[in-house]
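Chain by chain, the residues:
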Amino acid sequence: MDIQRKLGILAGAAKYDASCASSGATRRGSITDKGLGSTERSGICHSFGPDGRCISLLKVLLTNWCVYDCQYCVNRRSSDIPRARFQIEEIVRLTLDFYRRNVIEGLFLSSGVIRGPDYTMEQMIAVARSLREQHGFRGYIHLKTIPNASEELVRRAGRYADRLSVNIELPTAESLTRLAPEKEAGAIKRTMAQIRSAHDESGEATRKPRSLPDAPPKPQRAPRFAPAGQSTQMIVGADGSSDRAILDTSAALYSAYRLKRVYYSAFSLIPRAPPGLPVQAAPLLREHRLYQADWLLRFYGFGQDEIVMPDGMLSLEVDPKLAWALANPSHFPVDLNRASKQQLLRVPGLGIRSVERLLAGRRVRGIRRGDLDRLSIAVAKVLPFVVLPDHRPRDGDARRLLAGLRQARRATQLDLFAES
Amino acid sequence: MNALTVTLLSETDWEGFSQAVRFLIGQGVPPNRVIWRLADPREIELFEATETAAARDLPAKAGLYLPASFVDVARLAFLHKARARFDVLYRTVWRIGENRQRWQNPLDPDRLQLEQMSRQVRREMHWMKAFVRFRRRVDAAGKQRYIAWFEPQHHIVEAVAPFFIRRFGAMRWVILTPRVSIAWDGGVLSVGAGAKKADAPPADAGEALWLAYYQSIFNPARLNVRAMKKGMPVRYWSNLPEAASIGLLARGYSEKN
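These protein sequence lines are chains A and B, in that order. Residue numbering for the first sequence follows my numbering, beginning at 1 and increasing consecutively. Residue numbering for the second sequence follows my numbering, beginning at 1 and increasing consecutively.
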């Protein structure tokens, strides 16, 4: 099989993984030696697909052969699809070639499980090692870790990779048992715990106090371990879990394994789906709302209880912060010149950046209505919820905002149909 | 007092600009008496009537202290394409000289304008890092060079060069743009005249693999053209080889649905 055909199959099979992030790596370059590549603190999207997703990494599977039969997965054993497998050298060459064209930040390598977790993991590590050691590659490497691979292999993977991830796959252990009978939540979490402890150890070792003049020579610096940390992915809408259950699982994962990100992937219909799966794809909007809620929980001081509706779901119609504000009119209006930072962060339309600029501005003088335009704040969304010296919301302003949003949504939907 | 015309060597002559600003502040020349122009023969006639000085010949008076946060913003805003940037920058320095508190006010109109310019410049620098596309050319001696054509909106090329050196330090590469070209030979960066798109090489054989990847990684169940255009503005598409297949991919989706 020629390389282009393999690439078509093995990139096509990787497109269900949402992550393409290349951020969080330690800053490094290749100017001082004959190496190739660099990383910055923040990642770079080198292109965008017509699906609106960032293309930052060469995201491929080593192989789409798989011994498992996970129902939601296009690569499951019983799936009747074309199969392929890359040679290690082929992935290395592709990565280096794409990198020199400046179309990627690095490699995101995942794989179906062949023979067993350890064998598969060893093959993936061999790719990363070749890039780093034979080719002096300083770009970004993200390795998908196979649950149940030995701890020794997890540690080796972390020496070459910037980021490791293990997919949690589904929000509850019961769903996993039903849809992915050969995977178990215990093994997934065990691997996450191994990554966390190896990451913690390497971090601690680099923070040793400076030695005194007569002290014995400094211990060798611990080898680096996945400096950009670990992430995971959860499929949304393949089982009956509520948004509340999903956010609870995320919160538990963030704190237990110190994850950098939980990615949500709306279940899409896969070719030749087995029975037992929903016949409809999950709305992409639900995935979007989960990301918004995830952000509110981590950076805006909201709690899970506050932002889901009584049925345990997030509003699809409006973003979770606006939904919360509409449901809690007693918190509003907020005085922009007096409210605390925490209160300001709960005002619809105010992000972390605008809150900081407002706080800085009001130290100099009182904020007035016209200043909001000057600070490029989403005025229409903010005004129903705030008081200013020359502005006070009228009864029904919030309701009118909602009606306006509904009308705008209908208009864009019509527009979409007109385009296609 | 008559107006004074100050000549900068180029769009990116930050040295000359700061030297002139120190002189003008030292002499107490108010912003409405200064005209900024570039050492471009096409511009000379326009300004014949006024007294003219080359920025780098002006004796700069030492001792102009500006807030560090202003200098950070100013260095970026200076690379903006709007000619008005010279006036806004000098006016802001003048007003900070009158009252240092002015720069502390995030609602000050000059500060807001400079911050907006610096944001636009920073974003353009980021996009240049993202969207430069190298193609391989092998010369008669068998030496490889990577050559790219790029059309930035602001005067950022020299400012982004260190990024490409850090990343591709062991490669020989050239980035051609309409205003200026930069070339790295593995040890020295040279800055040369602008170029034309035709000076850059056409697609090489290996590009087909990138195009194949771009087409395979697209998930047709998730078509979202608006998000794509936000992340990758249409004005860059003409220099992105993969953009040629966008229409085909999106149409294929529409027909299936």
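Because the hints were derived from the structure by calculation, they are not lab data. One should not assume that every hint holds.
As the list claims (entries may be wrong) - Listed next, with one range per pair, are the computed distances between beta-carbon atoms: (1) A:ILE3 with B:ASP72: 21 to 29 Å; (2) B:GLN144 with A:ARG159: 28 to 36 Å; (3) B:ASP199 with A:HIS288: 54 to 62 Å; (4) A:ALA126 with B:PRO233: 48 to 56 Å; (5) A:ALA360 with B:ALA82: 47 to 55 Å; (6) A:LEU359 with B:LEU64: 25 to 33 Å; (7) B:ARG235 with A:SER42: 32 to 40 Å; (8) A:ASP335 with B:GLU51: 25 to 33 Å; (9) A:LEU285 with B:ARG235: 26 to 34 Å.
Claimed, not checked - So these bits of chain A aren't anywhere near chain B, every CB distance computed over 12 Å: (10) LEU7; (11) GLU40; (12) GLY43; (13) ASN102; (14) GLU105; (15) ALA126; (16) GLU182; (17) GLY203; (18) ARG368; (19) ARG374; (20) LEU375; (21) SER376.
What the hints assert, rightly or not - Derived lysine-lysine pairs resembling DSSO-like cross-links, with alpha carbons at most 30 Å apart: (22) B:LYS129 with B:LYS197; (23) B:LYS143 with B:LYS81; (24) B:LYS230 with B:LYS81; (25) B:LYS197 with B:LYS229; (26) B:LYS143 with B:LYS229; (27) A:LYS260 with B:LYS81; (28) B:LYS129 with A:LYS34; (29) B:LYS129 with A:LYS381; (30) B:LYS81 with B:LYS229; (31) B:LYS230 with B:LYS143; (32) B:LYS81 with B:LYS197; (33) A:LYS381 with B:LYS197; (34) A:LYS341 with A:LYS381; (35) B:LYS196 with B:LYS229; (36) B:LYS129 with A:LYS260; (37) A:LYS34 with B:LYS143; (38) B:LYS197 with B:LYS230; (39) A:LYS260 with A:LYS183; (40) B:LYS196 with B:LYS81.
We put the CB at the ideal spot given by N, CA and C, even for glycine.
Tested hints:
1. A:ILE3 with B:ASP72: 21 to 29 Å: Check failed, 46 Å falls outside 21 to 29 Å.
2. B:GLN144 with A:ARG159: 28 to 36 Å: holds (31 Å)
3. B:ASP199 with A:HIS288: 54 to 62 Å: Between ASP199 of chain B and HIS288 of chain A, where Cβ atoms are some 43 Å apart, the hint is violated.
4. A:ALA126 with B:PRO233: 48 to 56 Å: Because 39 Å falls outside the window, the suggested range is violated.
5. A:ALA360 with B:ALA82: 47 to 55 Å: violated (25 Å)
6. A:LEU359 with B:LEU64: 25 to 33 Å: Holds, at about 30 Å.
7. B:ARG235 with A:SER42: 32 to 40 Å: violated (23 Å)
8. A:ASP335 with B:GLU51: 25 to 33 Å: violated (54 Å)
9. A:LEU285 with B:ARG235: 26 to 34 Å: Once the Cβ atoms are compared, 29 Å apart, the range 26 to 34 Å for ARG235 of chain B and LEU285 of chain A holds.
10. LEU7: violated (5 Å)
11. GLU40: Given that some Cβ of chain B is not farther than 12 Å from that of GLU40 of chain A, nearest at about 8 Å, it is violated.
12. GLY43: violated (10 Å)
13. ASN102: The assertion about ASN102 of chain A is violated, with a minimum of 5 Å to chain B.
14. GLU105: Given a closest Cβ separation of 9 Å, the condition is violated.
15. ALA126: It holds; ALA126 of chain A is separated from chain B by about 21 Å at its closest Cβ, greater than 12 Å.
16. GLU182: Consistent with the label, GLU182 of chain A stays out of reach of chain B, its closest Cβ about 25 Å off (over 12 Å).
17. GLY203: holds (25 Å)
18. ARG368: ARG368 of chain A not clear of chain B: closest Cβ-Cβ about 9 Å, inside 12 Å.
19. ARG374: Label violated. Min Cβ-Cβ 6 Å, cutoff 12 Å.
20. LEU375: The claim is violated: LEU375 of chain A sits with its nearest Cβ about 7 Å from chain B, within 12 Å.
21. SER376: violated (8 Å)
22. B:LYS129 with B:LYS197: holds (18 Å)
23. B:LYS143 with B:LYS81: Distance ~36 Å between LYS143 of chain B and LYS81 of chain B Cα, so the pair is violated.
24. B:LYS230 with B:LYS81: Within the cut-off at roughly 21 Å; holds.
25. B:LYS197 with B:LYS229: Status holds; Cα separation ~23 Å.
26. B:LYS143 with B:LYS229: violated (37 Å)
27. A:LYS260 with B:LYS81: violated (38 Å)
28. B:LYS129 with A:LYS34: holds (21 Å)
29. B:LYS129 with A:LYS381: Not satisfied, since the Cα-Cα distance of roughly 34 Å exceeds 30 Å.
30. B:LYS81 with B:LYS229: holds (23 Å)
31. B:LYS230 with B:LYS143: violated (38 Å)
32. B:LYS81 with B:LYS197: holds (20 Å)
33. A:LYS381 with B:LYS197: Status violated; Cα separation ~45 Å.
34. A:LYS341 with A:LYS381: Status holds; Cα separation ~18 Å.
35. B:LYS196 with B:LYS229: Status holds; Cα separation ~26 Å.
36. B:LYS129 with A:LYS260: holds (25 Å)
37. A:LYS34 with B:LYS143: The given pair, whose Cα atoms are some 16 Å apart, holds under the 30 Å limit.
38. B:LYS197 with B:LYS230: Holds, at roughly 25 Å.
39. A:LYS260 with A:LYS183: Roughly 23 Å between the alpha carbons, so the hint for LYS260 of chain A and LYS183 of chain A holds.
40. B:LYS196 with B:LYS81: Holds, at about 19 Å.
Of the numbered hints stated above, those contradicted by the structure are hints 1, 3, 4, 5, 7, 8, 10, 11, 12, 13, 14, 18, 19, 20, 21, 23, 26, 27, 29, 31, 33, listed in ascending order.
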